[in-house]
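Residue numbers (the numbering used here), protein chains in the order written: chain S, 18 to 183; chain H, 73 to 883; chain A, 5 to 423.
These aren't lab readings, by the way, just hints derived from the structure by calculation. Owing to the predicted nature of the structure, the values given are computational and were not obtained by experimental measurement. Don't be surprised by glycine CBs; every beta carbon is placed ideally from N, CA and C. Please note: incorrect hints may appear among the correct ones.
Stated by the list, open to error - Pairs of lysine-lysine, DSS-like flavour, derived with a Cα cap of 25 Å: (1) A:Lys384 - H:Lys154; (2) A:Lys279 - S:Lys110; (3) S:Lys38 - H:Lys154; (4) H:Lys181 - A:Lys186; (5) A:Lys378 - H:Lys225; (6) A:Lys186 - H:Lys113; (7) S:Lys34 - A:Lys161; (8) A:Lys152 - S:Lys34; (9) A:Lys205 - H:Lys257; (10) H:Lys501 - A:Lys186; (11) A:Lys34 - S:Lys38; (12) A:Lys384 - S:Lys38; (13) A:Lys163 - S:Lys21; (14) S:Lys38 - H:Lys504.
Claimed, not checked - Covered stretches of chain H (in silico footprint by chain S; criterion: 3 or more residues with CB under 8 Å from a CB of chain S, positions within the stretch not fixed): (15) 249 to 263; (16) 277 to 284.
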Amino acid sequence: MSLKEKYSEEVNAIFAKYENKRSAVMPLLYLAQREGGYVTKESMAEIAEMLEIETTEVASIVGFYSLYHDEKAGKYRMQVCADLPCALRGADKFLESLCQNLGVKVGETTSDGLVTVESVMCLAGCDKAPMFQLQEGDRVTYHENMTVDRTMELVEALKAAGKEVK
Amino acid sequence: MAKTITLTIDNTKVSVPEGTLVVDAAKKVGVDIPVFCYHPKMEPVGMCRQCLVEIGRPMFDRATGQPVLEADGSPKIQFMPKLETACTNTVSDGMVVLTETERAKAGQKEILELLLTNHPLDCPICDKGGECPLQNLTLEHGSDQSRFNFADKQHQEKNVALGDMIFIDRERCIQCARCIRFQDKIAGDAVLGFYQRGRNTDVVTFSEPGFDSVFSGNTTDICPVGALTTVDFRFGARPWELKNAPSICSQCPVGCNVTYNVRREAKSGGGYVIKRALPRQNEQVNEIWMCDKGRFAGYHYTESPSRLHLDDAEFAANIKKAGELIISAKSDLVVLVGERLTNEDLFNLKSLTAGVKGQIYSYSNMGGGELTASYGLTSGSDLGALGKGDTILVVSSDLYNEAPIWHLRLKAAAQRGATLIVANARDTKLDKFASFVVRFAYGDEVQTVNGLTGKDKIGSAITEAKNLVVFYGSDGLGFDGTNEVANACAALIKNRVGKPNNGLVGVWQSANSQGVWELGIKPATNLADLVKGKVVYLVAADPAGDSPALSEALASAKAVIAQDVLETATTAMATVVLAAQTHTEREGTFTSGERRVQRLYQAVPAHKGTKADFAIAAEIAHACGIELEGKSPMLVMKKIAAVEKTFAKISYGDLAKVTEQWPEVGKGDLYFGGSSYKNTQGLGTHLAYVSNFIKLSEVKTTPRFGEDVVFAVPVTKLFDQGTTVKPAQNLQDRISQARIAMNPATAEKFGLVVGDSVEIKLDGIAYAAIVKMDRSVATGVVLVPRSFGISITKPSAVEILSKQPIHVGGN
Amino acid sequence: MEHFLLRHLDIADINDINIYKQNGGFESLKKAVTIMQPQQVTDEVKASGLRGRGGAGFPTGVKWSFLPNNIWPHYVVCNADESEPGTFKDREIMERNPFQFLEGVALACYAVGANEGYIYLRGEFLHVQEYLDKCIGEMEAAGALGEKLFGTSYNLKLKTHLGAGAYICGEETALLESIEGKRGQPRVRPPFPAVVGLYGKPTVINNVETLTNLPFIVEKGAAWYRTLGTEKSPGVKVISLSGNVNKPGNYELQLGTTFRELIYTHGGGIPDGRKVKGIMPAGASSSIIRVDDSTFDTVMDTPMDYENVQNIGSLLGSASVIIIDDSHDMDWVINKTVHFFKHESCGKCTPCRDGNYWMLNIVERIHEGHGSQKDLTLLKSVANQVNGKCLCALGDFSTMAVSSALERFPEDFDKKVKA
Ligand SMILES: Cc1cc2nc3c(=O)[nH]c(=O)nc-3n(C[C@H](O)[C@H](O)[C@H](O)COP(=O)(O)O)c2cc1C
Ligand code: SF4
Ligand code: FES
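This is chain S alone, in the form it adopts within the complex:
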């Protein structure tokens, strides 16, 4: 189904917001990412058509911004800040033991496809390190002052929630 059919209300709201059509590209890309966690070529083409620009122009936006993805990953992307301020407060260690606990390396996805662990740049949560954000589709949520234990509890909860939905 096309984005326009699937999210007609949102699409209309986005277009109503901007007088300049092209400005709608970023919110539309979030929408395109809502379901699968990444933007498909078909969505890029559809957005290009809506905005009357070339698919390549849409793609080059996807390629530029780090919150858009062009490939499938885990249902959740756990993006741990390992930038200087967080690292001064132990973020590197946190990331390392988190990976051990989840049995993955940075950039990899847990075998159940639930979580992809990523190391990212400063998220403006420096005073609450260790911290990460969880990206799921077009949502991001912050998790601050974390410990490995609390993070593992969160992962378990996510797992359980996923099962319920199924």
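Got chain S sorted already, so can you dock chains H and A with the ligands onto it with the hints?
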């Protein structure tokens, strides 16, 4: 008039118009500041930082606003603490620019070093080697040793196909975005873009098919490194082995100035062959661009294995035979000329025909040339000068396919502020740039044009335009239709004729169609009837190949004399065959659709056993007892000038004149304009306006078909199976199958989907075609491409027979 | 001390529109729109000496006065991209004191005659966007935004726009490109946004914190504002304190407060009895200030304002003070910063794009213990090669920590390349 600014560049005083960029001002006094991302045809972006220079400006006292002076009374100059980019700064009065200082040179050297650090330095195997700005600058300024660890270079993909014509070597790319910006800003096809960011930035295309633009080849000219290469030339030759031969592209009525690069090759017995085509600068015609058809298809027919040739004895015998047939025919001679012949060929053929009192016709389905000859553009016209206050109307033409460089020029005019009105029965790529798009149903062309002078915005744009140029083409039309449209369009400009930048332009299907009309030769409207029982002399025309009906008609001729460069269906059935030369092998002139006469020069030696058409015509004439000029096209032009009023001022000498052009290209600093060639061989001359009042005919409306009939209309695709296009090997994928376009609703009615093979029946003959969708085509209409093996000369009823693939001869 | 920006520390529910109103909320906006000319608002802000809090410290009122009055419409764009490592102040202001912030945006709009204002948030601030959208709705309902404000003919619409993960979009022209739906890459200047900005129109771009100052300046006047801070750096500043301190967080202090007060009084000192080794006062973009026994007092007694921080070899920037204690080596620190800049370089210009590639390459080699003395020289030279030659300031930023660390902490590097 822009104000003049005076500044100093490396101790030379320069005066340039306000708004000039420092880099351009420097260029004008012979100071070459190295650039990579800057290109004089595009807005500066200041990305590569190669053009760093020192810039100082006069100091002013804050309190008094007075200039601060040095002890010696000269103005005190304040230099910026940082180096500045010469490409993004505009000149200002009293500015001092230093490009040769230690600081400036060091800055430039540092940038160059960084550019090279991730560059593969594979110059020995790079197509750009020898004409590479990066290589040249490195030799001049670079250091011969890298301070960086070679092993740590970023390694990237090489030889990635962006489309079927253009490859990219990612390691060589320096991210200057020239290709991307060209496609977006100049071509209007934003099908290239950057992906990722930072050091991972890559040039990509997401179009379907890849790099979907008919201007793609130009990106390889302006790429300042060897990152972009053409499928046509990759590994073809080293630039320094090549010689340059100026010419005119023979593929469409624009008349792009080109340079063929030639070299001797063993495989052709040590003779010269053409290795590639590049644009040659003519700012009033093609600037420094050309389309992909001209570049990739324009010359390959020269080397086609199906070239015709005759040995000396055969040639003499065939000339004699032709002469005899013509004498025997007397007034029963019908001469049919193709529109890719030169003015000189046409003139001789016309003289020969007149000498024996035969009839001469052109082989074309587009009318209105009497009008373009008298209402067309004339001296002083330049599409590049149109802008605010001017209006351009395009009727029934898909310029992107029919005459791509006009598409590009009109788009630019619109962006400069000209009012562009595009009136067509379906979407065209130009619509996006138009101020007004007028949509009509096929058949309503004339009515629509007649209605354009109403009391609305379009009406006033047309009637009140400072200058008005009207282009009309043959989209969906045959001879009658175009003729009527031409008459309707001519009415819009009849009060402006003779004024520069005002006129009617025919978007013809061939390079010298305008020349044919200017010489008074008209299309045969009922060819099949004309040839019956006649001696038919066909030159550069292949009716038998185009249409089974015409093939049959030719069979009923008394005799067929066929003269061409390649074997065709017509030469195959001819009584007498004569072997002609390609436009790359000979001299002559073409008259462009803008009525500009331009010279062809010989690029490669002619194939053995061939002669130029005008020479063959002269020999046949001689055999018939008529003396014509057969040695030199220059002398033929003298004769043309003597008898044809519009050509009166045309001479080969004048055609070869050049005036200075901006931007400067073709010097050692290829980083500036790119690898297009400087024009030293002539910019051509407009035909004169000869007041020659033509009564516009009472126009009737082309009949439309009934509601329940599906009808086919002919349209032009840039890449087709034309005689001179087919031999280009690289294009086979694009031209192997005819694609017919229709509205999805029409397709649904016949149970068809995209890509289906169908059999269609036109005038009782079946053809195979592939189905394509186009929402902008009215339901009940099928677009059939010309020159694709389907004979269609005008809107006709069509039957869609089956979706089973059928087998028909040829491809 | 009373808080003027982090007011939620004094009034916990200030994010409730009614509480905000009870505490004088929207009075400044009402005053401006109903009884002041736009020019008067600009003049007041000019007189207050308020300087941009986004990093460059450019006088705000002066910036506004660059907008030409013959080209319309004008736009105000609020820079809420907040992506400098170590900066997290704008987030707290928007999350906790949203109405004062939005009132500030509205005041700027009125002052420059804009009927539309954009708030550009970094993509990670989705929750802030949703929250601000809700607050904007409440303000519209309360008549503090929308059509015919306070019964005048002035209309104002505020919109939020979400980025998608790119530090460079904090650079003002890249930010504009991003709102226009393009890759967030900086534009060539001139023309400056004040003349050719959003959608080609005159545009003011100000930081969240800068704008949040406005309601108080309009209410209490420039003279009052100048009683805070120093002569050249008037007012209060929210300082984001992070790294090796006991109490990291945001502290609203008068400009000119010393490092000592920030670190030891508010920040609670350094954990585990360690010593301060380096201070980065402007996030990852800073030149690192060396602190050792001989410089300790000079540094700690330096007032944090735009001039004095410069005097000790760094810049105040956005006042994102990162404290590095003596358990860390500077090769590790710059490995982190260069990593960041290489990741965030937009790639538009050569020195930043390729320079950061090589800086990272060399820094990693050194940090991993495979470097040589030659690498140190090369690293220094590449940093110089990048600095001052880029299209935007990110390129310069990327060299600050590198050059200063090499110069000021040579022992850390010598140790590494010898080993
Ligand atoms: C690379 C780069 C990143 C920046 N990031 C931010 C940012 O996140 N927030 C911000 O307010 N200003 C940022 N700035 C500064 C802005 O370009 C601009 O100067 C500022 O928003 C102006 O607002 P102000 O005058 O209120 O400080 C950044 C500048 C650069 C060069
Ligand atoms: S300095 Fe860096 S971020 Fe700024 S334009 Fe250049 S590449 Fe982009
Ligand atoms: S920055 Fe001036 S030519 Fe590239």
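These are the hints, each one checked on the structure:
no.: 1; hint: A:Lys384 - H:Lys154; in the structure: holds (18 Å)
no.: 2; hint: A:Lys279 - S:Lys110; in the structure: holds (22 Å)
no.: 3; hint: S:Lys38 - H:Lys154; in the structure: violated (38 Å)
no.: 4; hint: H:Lys181 - A:Lys186; in the structure: violated (32 Å)
no.: 5; hint: A:Lys378 - H:Lys225; in the structure: holds (18 Å)
no.: 6; hint: A:Lys186 - H:Lys113; in the structure: holds (22 Å)
no.: 7; hint: S:Lys34 - A:Lys161; in the structure: holds (11 Å)
no.: 8; hint: A:Lys152 - S:Lys34; in the structure: holds (20 Å)
no.: 9; hint: A:Lys205 - H:Lys257; in the structure: holds (21 Å)
no.: 10; hint: H:Lys501 - A:Lys186; in the structure: holds (23 Å)
no.: 11; hint: A:Lys34 - S:Lys38; in the structure: violated (33 Å)
no.: 12; hint: A:Lys384 - S:Lys38; in the structure: violated (46 Å)
no.: 13; hint: A:Lys163 - S:Lys21; in the structure: holds (23 Å)
no.: 14; hint: S:Lys38 - H:Lys504; in the structure: holds (15 Å)
no.: 15; hint: 249 to 263; in the structure: holds (count 3)
no.: 16; hint: 277 to 284; in the structure: holds (count 4)
In this structure, the hints that do not hold are numbers 3, 4, 11, 12, in rising order.
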